[in-house]
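Trainee: Listed below, chain by chain, are the residues.
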Amino acid sequence: MFRAPALAAVLLAAGLTAAGISQARAGEIRIACYSDGNECESTAILATRFMKDNPDIKVTMNQMSFKAIQESLPVQLAAGQGPDIVRTTDFGPIARYMLDLTPYLKDAPYWESSYGPVLDWMRTGPTDHGIYGLMTQLTISAPIVNKTLFDQAGVAIPKAGATWDDWAAAVKKVQVATKIPFGMVWDRSGARFAGPALSMGAKFFTPDGTPAVVDDGFKAIASRLMTWSKDGTFDRDLWVAAGGGYRDGFPDFQNGRAAMYLSGSWQLARLDKQIGDAFDWVIGSAPCGPGGCTGMPGGAGFVALKDSKNPADVAKFLDFLAQKPVYAEWMVMTSNVPANVQLQKESLPFKLSPAGTAAMKAFVANAALLSPLSYRLQGAPISRPIFGAMTDRVSQAMSGQMSLDDAYARITSDVADAVAAFKK
Amino acid sequence: MNPLAAFFAALMDLPERPMRWAQQRLSGGRLGWVFVGPNLAIFAIFTFLPIAIDFHYALTGGTQLLPADRPFVGTGNFSSLLACTDYLDANSCTRDLFWHGIWNTLRFVLFQVGLMLVFSLLTAVVLNGKIIGRGFFRAVFFYPVLLSPVVVALIWKWILQREGILNAWLTAAGQPTTNWLLDGSWAFFWSVFVSIWAHMGFYTLILLAGLQAIPAEINEASAMDATPPWRHFRRITLPLLMPSVLVVLVLGLIRAVQMFDEVYVLTGGGPGTATTFIVQYIYKTGFADQVRQYGLAAAASLLLAGVLLVLTLVQLKGMKRG
Amino acid sequence: MGRFLTATRGLGRWDWTDWAAHLYLILGMLVMFGPVAWLGLSSLKSESGLQAFPPTLLPYEQSSVVVPGRGTLKLFRVVSGEHAGQELGELRRMGLQSQLVDPKAPDTIIRLKLEEREPVTRLRAAWENYSELFGKFNFFGYFWNSVFITAVATILTLLVNSMSAFALSKYRFSGRDAVFLLMLATLMIPPTIVLVPNYLIAATLGLTNSPWGVIWPAVATPTGVFLLRQYMLTLPDELIEAARMDNASEWRIYWRIILPLSAPALAVLAIFSVMWRWNEFLWPMVVLSRSESFTLPLALNAFQGELATQWNFLLAMTVVTLVPITLIFAVLQKHITQGIASAGVK
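Protein chains in written order, with this note's numbering: chain A, 1 to 424; chain B, 1 to 322; chain C, 1 to 346.
A few of these clues could be false.
[Unchecked claim] Each computed DSSO-like pair below joins lysine-lysine, with the alpha-carbon atoms no more than 27 angstroms apart:
#, chain 1, residue 1, chain 2, residue 2
1, A, K172, C, K113
2, A, K147, C, K113
3, B, K130, C, K334
4, A, K273, C, K74
5, B, K157, A, K67
6, A, K147, C, K74
7, A, K179, C, K113
8, A, K273, A, K147
9, C, K113, A, K173
10, C, K74, A, K351
[What the hints assert, rightly or not] Far from chain B, some chain A residues (derived; all Cβ distances over 12 angstroms):
#, residue
11, Y110
12, P117
13, D120
14, A156
15, V176
16, A212
17, S353
18, A355
Derived by calculation from the structure, the hints in this document are not laboratory data. Note that beta-carbon positions come from the ideal geometry of N, C-alpha and C, so glycine has one too.
Could you put together the complete structure from these sequences and hints?
Mentor: Written as structure tokens, this is what we have:
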């Protein structure tokens, strides 16, 4: 009874939609892209030039929201429906769908020598030597300081080598003197939390590589954060607000509601454009602790995907972008710190205000302070679940829903749960 | 006849011959199967088949999406969801977020459906009186129903944010401002408020139509008896309105239990877990988390579907008796 | 005025309940429509205007002045000190100091403390939020996708659901009640819980990135079947019997007799369907991943990047999304509200 109409409808549906299936044409490359500033637009400009030189290849840019990429891409890839290239910060979940570009590249050693440290982020482990994509920028987290507020309060901005406690005391003074609501604001993000944790001596992994998040270093920063959020030094609102996910602290900093903003180099274009001359801002040096003075590296990358019908063309396009002059031009267009090691040593002709230029220099200086552990944490496939558990559970503790000790226990069990699910 | 209508008429005449053929071969009412066929087939493909796949997901584990790649775990997902030392304290459960979701949804349904019924009834009664511009007001109250949940949430987010207009008014009035979406109780209040705002118009219309269906003689009769208005409403109007009220209750309840988009865009489920509802838990676990546990999400879905089924059956029973 | 209105409408004398009722309705109007109006006003503000606290009701922007030899300068009014009341153009800011010039005497630099000046603003609607929106994005492409999906899905919904409702109301066959209950049961299934398996099915059928991927799963609606069935039950069976006497085929009976008679219920379902498809978000987001197949709500969502939310474009786009449905409603509101009301009680 049931089968016949169902079957008929399947046939009907299949017949009617046959026209709707768009087959990838030869030489077509589809990029699923999202922009922090103008990354997709500037890539499109370079792609137009690339297509002029390679008339048989057509590059199509699909701009989407980051959330859409993050949420629907793994499902699409599992169903074999993905794009050829995707811009993402989240390499772990799609690792098994990535395309190794090495056999298609003219000069793989150039990639190794220019992008070596960040190529690891797309790899699954120490035995993996594939080249899976091109980082569109390197981001470095660092404190961004409202100099005008510090000047008004007559407080000196903590110098390189100052500890987190020094910073907390300084911003507290500014907060009291200038009557602003908060001393500091951090983006609600696990990566932002991880930098200070590493500085406090958190290790995140046991020597054999198993995740072990809650240790004394971790507790040192988590308990300080609790204290700071209770006494108003720390803008807890931003963290407590969302049930999960990333929250941007920029509006609070822009409106002069906090003297210090822990964010990163990808905010440069926005700082330069939107703050204008409302106040003076400078980039501080990453605050220190027993574990060093490190922020977190990061960044998004264009990742090549295995299901592509035109892997050679994908490699050709990414290789075009990776070449030093093109990459340099690209970084200037997007005001980003290059992931190319050689370009990091040169000063690029960024089109920024004097404050922006100084900030760029300061971000690059902060890059030298990054600890090896920070690179490893950023590159570990398990890092995203760790980041998610840290922010969500610490936020719950801040909101008073659970004690900090309960939050520690939850972080440990959440991470164990994720590890177990990964293994299955 | 204009060409479009003619084309449409010709198109609709096309099934005539095959349908005649089917008619000759199917006796009695069995031709009905042909008519329900397309509808049923689409349900089968896009509703019943997915639920069957959900059962498979619920009994398997891991993070793989393709059903064939997933290892069998038996009832592991269900027992993990139901593992609590104290069912009244979500924090004591292995899956604390699931239980926060359950309790929040329960609270939400209670407040949202109750208050929405009160306000839509009040509005309907007011609109049923001698009102200047009734059509206009009816349209105004209905308008938000047309808006997409994303738009509704964005509108209210824009009003309730820290630098929003509501806080600006409070500042102007010399009152302290509140971070409306950052305080657990307020965020919950606004979730209820916004969802009532968005859906109330629909239910008001149903109740208004119910009121207008009450014969005028009944009202006139009680006006002659000089029955006090409140007594009249409670003794006469409300019982006659009961069928409409039940429709509102059933539809409102189903919608409230399924609440997701509006509140998700508005509060993100926060602060903490204060507005995380059960559907959001399912969405997060299966679709938004870094590690997608489809098995857990499917198991939670099936539990929810079971509860909804029982709930509806109970209501239908009540409806039949009433 | 009040007396005039009541007199013409013959409503008699107003007592306090009438006043309270109208007060309630006017308050309700502010609550229901005020937020939308505020959205519209806000969408005309520039990006920096949106960040201002307290927010202004109307869109303001800082004025600037062209000073010969100095270029275009932002205009400030001096609030205290010897230059109080003057309007000066700002050259640059140095720490807590500002260097300004009088546009009439551009050679003398005036140094002031920051708090001694305030920006001069003027009323200006930031139409560029809209024009840039149209220039930057393939707006009409998204619009067309939304229109196509809405129109085709609505037509198919009406067809498929009415066929089903016809059979469920006018035929007797074994399993009929079971089918009806089964369809009603789907009303209770939140779309979220079948999201993942549904995507697998859509991908297997080759429906991803095609408008048909949004259309097909949507055309069988339990609400539609229920609504139409209840309405068709009220149509007299004698009509059908008479047609059968004339040897009309069952298909003819369905589409020449039953469908035209069900027009009011069909209209209500059409309105619902337009509303649902135009506003649908979660499923299209999953099934359409290429920007050229995006619908308006998806494009709206695409403005929220990971790290930045462009509120000025977001608000403008929100307004653009709700304008078409608002227009339809404004024209048809009487039919819509009455139609839904009458369908609801049946």
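Trainee: Hint by hint, note whether the structure agrees.
Mentor: Hint check:
1. A:K172 - C:K113: Given pair A:K172, C:K113 holds - Cα atoms ~25 angstroms apart, limit 27 angstroms.
2. A:K147 - C:K113: holds, 16 angstroms
3. B:K130 - C:K334: holds, 18 angstroms
4. A:K273 - C:K74: holds, 15 angstroms
5. B:K157 - A:K67: Given that 27 angstroms is the threshold and the Cα spacing comes to 18 angstroms, the pair holds.
6. A:K147 - C:K74: Holds, at about 22 angstroms.
7. A:K179 - C:K113: holds, 19 angstroms
8. A:K273 - A:K147: holds, 17 angstroms
9. C:K113 - A:K173: Distance ~22 angstroms between C:K113 and A:K173 Cα, so the pair holds.
10. C:K74 - A:K351: Roughly 21 angstroms between the alpha carbons, so the hint for C:K74 and A:K351 holds.
11. Y110: Fine: 33 angstroms to the nearest Cβ keeps A:Y110 off the interface.
12. P117: holds, 23 angstroms
13. D120: holds, 19 angstroms
14. A156: Non-interface label on A:A156 holds, nearest chain B Cβ at 30 angstroms vs cutoff 12 angstroms.
15. V176: Check passes; 19 angstroms lies beyond 12 angstroms.
16. A212: holds, 18 angstroms
17. S353: holds, 25 angstroms
18. A355: About 24 angstroms separates A:A355 from the closest Cβ of chain B, which puts it past 12 angstroms; holds.
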